[in-house]
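2 protein chains.
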Amino acid sequence: MAEINKVATEFTTFYYQTFSSNRSSLVNLYRPQSMLTWEGQQILGAEAIAEKLTNLPFQKVEHKITTLDAQPSSTSIASLLVAVTGLLVVDDSPNPLQFSQIFQLIPDGGSYFVFNDVFRLNYG
Amino acid sequence: MAEINKVATEFTTFYYQTFSSNRSSLVNLYRPQSMLTWEGQQILGAEAIAEKLTNLPFQKVEHKITTLDAQPSSTSIASLLVAVTGLLVVDDSPNPLQFSQIFQLIPDGGSYFVFNDVFRLNYG
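Chains A and B, in that order, give the protein sequences. If you count by UniProt numbering, then the first sequence holds residues 1 to 124, one letter each, in order. If you count by UniProt numbering, then the second sequence holds residues 1 to 124, one letter each, in order.
Bound conformation, chain A alone (with noise of 0.2 Å):
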């Protein structure tokens, strides 16, 4: 499980990031298979999916993980789950948002991309 930690790790670490910084180029981390659902709305495909992210009405934005755990999918090829929770701070707001999302990674050459991504908001 060690590695699959380390992937889980880095792969969210890079993808917050890249939200942060140039959310536009996520569109790298998708494939025209990859599904989003976005607090509920549906949205096939990298183009797609990296529009709506894009597009979301907020200027700056940071992720801050408190948990993240990561399982094979699989068991014939390397794909892995990872599962966050966490705090969505938004334009500097002081009241920070939890979220919930998962992700479905698929090995792909050397690298991963998104297959599956599920992101909700967690109302109090």
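Among the hints, a few may not be true.
From chain B, some residues computed to sit far from chain A (all C-beta separations above 10 Å) [to be verified]:
1) T12
2) F14
3) Q17
4) S25
5) H63
6) K64
7) L88
8) F113
Only part of the chain B face toward chain A is listed, based on derived beta-carbon distances under 8 Å [as the list claims (entries may be wrong)]:
9) Q33
10) M35
11) T37
12) G40
13) T67
14) D69
15) S73
16) T75
17) L81
18) A83
19) T85
20) Q98
21) S100
22) I102
Just so you know, the hints here were simulated from the structure itself, not pulled from any lab data. Ideal Cβ positions, reconstructed from N, Cα and C, are used throughout, including at glycine.
Dock chain B against the given chain A, drawing on the hints supplied.
Below, chain B without anything else, positioned relative to chain A:
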């Protein structure tokens, strides 16, 4: 996606009803290769998972689902990812706990088993 959402709704309804009424019989939903990560603790296999769930230190428990999202998790088999957020009411406490849980369900005969299960409480 309609069929996926139907399976996800039926599964979670059955799972959480069984969790409330007869926790030990959840063993039937897992297999030897199933994984549970419970609040960061990794548990492998149906029997160990059912033992963990059965021994959780509460008598009465109810999961109230707030959001339920589902996606196909493979392009080759009819497996699916189910992402739940909700409230956990333990022993009639007036302060429900927020939780998030994900399942990967794998087809097995005419039904499904739980291959991946990740559970986290979300503290505010």
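*Can you name, in rising order, the numbers of the hints this structure does not satisfy?*
none
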